[in-house]
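Q: What follows is each chain in one-letter form.
There are 2 protein chains.
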Amino acid sequence: MKAYIISIGDELLLGQTVNTNASYIGEKLSDLNIDVAKTSVIRDNASEIKDEFKIAWNISDVLLVTGGLGPTHDDITRNCVVEFFNTKLTFSEDVLDNIKALFKKRNREVTDVNEDQANVPKIAQVIRNDKGTAPGYWIEKDAKIFIVMPGVPYEMEGMMNSFVIPRLQEMTGDKQGAVKRLVLNTTGIPESYLFEKLGDLDEILGEAKLAFLPNPYGVKLRITVKGDDEGTVNNKLIEVEQKIRAKAGRFIYGKNDDSLESVVGKLLEERDLTISVAESCTGGSLANHLTNVSGSGKYFDRGVVCYSNAAKVEILKVNEDVLIEHGAVSREVAMQMAEGVRSTSGTDIGVSTTGIMGPTGATTDKPVGLVYIGFCDEKVCTARKVVFGGDRLLNKQRTVQAALDLVRRHVLGISVDD
Amino acid sequence: MKAYIISIGDELLLGQTVNTNASYIGEKLSDLNIDVAKTSVIRDNASEIKDEFKIAWNISDVLLVTGGLGPTHDDITRNCVVEFFNTKLTFSEDVLDNIKALFKKRNREVTDVNEDQANVPKIAQVIRNDKGTAPGYWIEKDAKIFIVMPGVPYEMEGMMNSFVIPRLQEMTGDKQGAVKRLVLNTTGIPESYLFEKLGDLDEILGEAKLAFLPNPYGVKLRITVKGDDEGTVNNKLIEVEQKIRAKAGRFIYGKNDDSLESVVGKLLEERDLTISVAESCTGGSLANHLTNVSGSGKYFDRGVVCYSNAAKVEILKVNEDVLIEHGAVSREVAMQMAEGVRSTSGTDIGVSTTGIMGPTGATTDKPVGLVYIGFCDEKVCTARKVVFGGDRLLNKQRTVQAALDLVRRHVLGISVDD
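Protein sequences, first through last, are from chains Z and V.
Okay, so the first sequence: first residue is 60 according to the numbering used here, each after it adds one.
Okay, so the second sequence: first residue is 60 according to the numbering used here, each after it adds one.
Hints listed in this document are in silico derivations from the structure and should not be mistaken for laboratory results.
Keep in mind that a hint or two might mislead.
Said to hold, decoys possible - Pair ranges (Cβ atoms, derived):
id, chain 1, residue 1, chain 2, residue 2, range
1, Z, Ile473, V, Gly356, 32 to 38 Å
2, V, Thr419, Z, Asp171, 49 to 55 Å
3, Z, Arg187, V, Lys314, 44 to 50 Å
4, Z, Phe150, V, Arg330, 23 to 29 Å
5, Z, Lys285, V, Lys159, 38 to 44 Å
6, Z, Arg187, V, Asn104, 36 to 42 Å
7, V, Asp476, Z, Phe150, 51 to 57 Å
8, Z, Arg330, V, Lys159, 18 to 24 Å
9, Z, Thr423, V, Lys314, 52 to 58 Å
To be verified - Some chain V residues near chain Z, calculated using beta-carbon distances under 7 Å:
id, residue
10, Asn78
11, Thr79
12, Thr131
13, Phe254
14, Leu257
15, Leu272
16, Pro273
17, Val363
18, Ser367
19, Ala421
20, Thr422
21, Pro426
Where a beta carbon is used, it is the ideal one built from N, C-alpha and C, also for glycine.
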């Protein structure tokens, strides 16, 4: 089964919106072993949209279209679908009820343009939208499937999960042969170092495939194994994973969708440890990552964002003389911040960040990108020096990642050196 | 001039990486009035890559390719370029020097696989990579331009800004006619309400075009004006902007790339106001947004992330009886948190957030999505109640956006009602 994903919208081509929909859909289809052959982005232009429908219809079995279903004048996908399938619009009472219920929940009146969204292509089965007003369409014709969903990501995601995926799963069943993918998430090692550390890939992989997916926070290793039956594929996957872990295990913090913060959270929860954070340069981002994990209230007590030196002294009890002698961006202050937040909050672990994120703030001996990350628990109080690059937001994110990895390594008793 | 953007990489089709490159490039080209006709994503498959090169080469003047230039075995773009142009590889001393310098800066040894990246297609002019090891290629042939860049976003962005954009600008000059786009960023009003509020679009727009770009935090309005000369186009754009502002001005917080946090930061700085934040449900994200703005140290003093009730009492001086009587998620506690952080830090403004982000934590009378946002300055101390949806991360981000907008409206003296 071959899939083609079409995203519609000038805003995607003009770069004002990032096309997260195609990758979201691609991931879900891959999980079903449906091969995504190609994705494209097309303008809000009726003839170009219909032309692309034709191209995709000819070379794929499943066609997924997002965008252009909204209530305003620039939403033309519905009419393109009507013309492509040579069908007409029909009024759906269910869709109108859904729209009315949605507005009622938000204490707002239904508008005329929203009411018009209840008119849907006659050939289509309606996909209910739990999170917005635009219904989706499921169309089957000539043994092919044509799916249309809104471009608003969480509305599309809702439809994928509640309707499209279960339906496709039902239809494909076990017909696709056995394919398994596993992603190992690493941090703290550059792509080429990881590549060399793994050594002879043929020995590790055999028939399996390995892809290196670098991003600013680390490199993801994607292993793909294909075979006739699930048992063989699973065994091969375990074998490859073990060989990779034997070579680069301490850089691997998790699998697939695991975020570093969820891994750290799990480690803390399992060990019944609590944590508090004192942030200067990361400005709240470290606390934000930790609290993105549902249930983080069990181990996360508090965070303090101390931009001013006064706040560092008042809330974190950093010694003023140390601040003056070494400066706010120093190993000593990082350690005092970590210990300060730990002792004032009474948590098991205190973590801190202090650094120069740029573009301003550098001095002759302290460049943009210089960061100290403090870690204190009942046994150690230490700080790690890291030097990142010149981009402020990237530096904040990399510092958060390094701080979380420092916690992971300390809790697991792994070396904190590179 | 017509452009076609090709992104290469299984990870994009499998959904493991979101294709931010295409939108970044699309935006830059649009700024140059170069029309992006289409973008596509292709697998790491040599024949499919070369086929797509052919299709794009036939229908476009500028072809931009990203991905597959890395140092590992799954990077095959370089060889596809060599075959497509029927050229060969040649060694570049400059590229090797650049790679060596980069590794030296990071205190690491150059690996063999990185050295091989200094072999480049003979037909290409090298685009220097300041942020990574893979060089880019600029190829001109038959009055067309073929550009190849790495898939790592910040490496590609570096090349776009230092080389590709200036070069394209030089080549296109004023030949493209006058086109101007303006995006007005709104928050706090749903798409259909905004649409109705604007009323008769023909009266507002005339020959101009308007697109509604909804996202979970607000709706962006993109105005496009085309014409023969820049003067006419500019005047028309100002006229449309004024008409839109007359109808929905208080929901518009900024233009184009303006983020709400940078707008709020500018307002605070201009008025010489300082701010501190007390976060419960947003977990550091509000402070993180404020400190994403370079120079935020001038007005942002501190943030406190108080997940535990103990922290709310200790650091923010929230009254324990009030906590018990009304619960942590209440108007009263939101106000006390805002006032507490304001008075302990001595800033002009204190802002707070407390709510139930989900998926857990709801009670019979307090659903997931319920949020109180506190605001106190020397004149008022108030809290606003908002009800969002069921998604934890979306709720955090929406709360941050609503809190920032509350500050914006208070500082500007605009009504805080919807």
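Q: Now look at each hint and say whether the structure bears it out.
A: Right, here's what the structure says about each hint:
1. For Ile473/Z and Gly356/V, the Cβ-Cβ distance of about 35 Å falls inside the hinted range of 32 to 38 Å, so the restraint holds.
2. Range check, Thr419/V to Asp171/Z: Cβ separation about 39 Å, and the 49 to 55 Å hint is violated.
3. Look at Arg187/Z against Lys314/V: about 37 Å separates their beta carbons, and that is not inside 44 to 50 Å.
4. The hint said 23 to 29 Å for the Cβ distance between Phe150/Z and Arg330/V, and at roughly 53 Å that hint is violated.
5. A C-beta distance of roughly 40 Å is found between Lys285/Z and Lys159/V, which places it inside the suggested range of 38 to 44 Å.
6. For the pair Arg187/Z and Asn104/V, the supplied restraint of 36 to 42 Å holds, since their beta-carbon distance comes to about 37 Å.
7. As the Cβ distance of Asp476/V to Phe150/Z is approximately 35 Å, the hint placing it in 51 to 57 Å is violated.
8. In this structure, Arg330/Z and Lys159/V break the distance hint of 18 to 24 Å, their C-beta atoms being roughly 44 Å apart.
9. About 38 Å separates the C-beta atoms of Thr423/Z and Lys314/V, a value inconsistent with the hinted range of 52 to 58 Å.
10. Checking Asn78/V against chain Z by beta carbon gives a least distance of about 6 Å; that is within 7 Å, so the hint holds.
11. Annotation: Thr79/V was flagged as interfacial toward chain Z, and the flag holds, the nearest CB pair being 5 Å apart, inside 7 Å.
12. Evaluation of the Thr131/V hint against chain Z yields a held restraint, the C-beta minimum of about 5 Å falling below 7 Å.
13. With 7 Å as the threshold, the beta carbon of Phe254/V comes within range of chain Z, its nearest partner Cβ sitting at about 5 Å, so the hint holds.
14. Of the supplied interface hints, the one on Leu257/V is violated, with its beta-carbon coming no nearer than about 10 Å to a beta-carbon of chain Z, more than 7 Å.
15. Because the beta carbon of Leu272/V sits about 5 Å from the nearest beta carbon in chain Z, less than 7 Å, this interface hint is met.
16. Among the interface hints, the one on Pro273/V holds; its C-beta lies about 6 Å from the nearest C-beta in chain Z, closer than the 7 Å criterion.
17. Hint status for Val363/V relative to chain Z: holds, with the closest Cβ pair at about 6 Å, below 7 Å.
18. Given the 7 Å rule on beta carbons, the hint for Ser367/V holds: about 5 Å separates it from the nearest Cβ of chain Z.
19. Taking 7 Å as the C-beta cut-off, the interface hint given for Ala421/V is violated, the closest approach to chain Z being about 12 Å.
20. Proximity of Thr422/V to chain Z is violated relative to the hint, the smallest CB-CB distance being about 15 Å (cut-off 7 Å).
21. About 11 Å separates the beta-carbon of Pro426/V from the nearest beta-carbon of chain Z, more than 7 Å, and the hint is not met.
Going down the numbered hints, you'll see the structure goes against 2, 3, 4, 7, 8, 9, 14, 19, 20 and 21, while the others check out.
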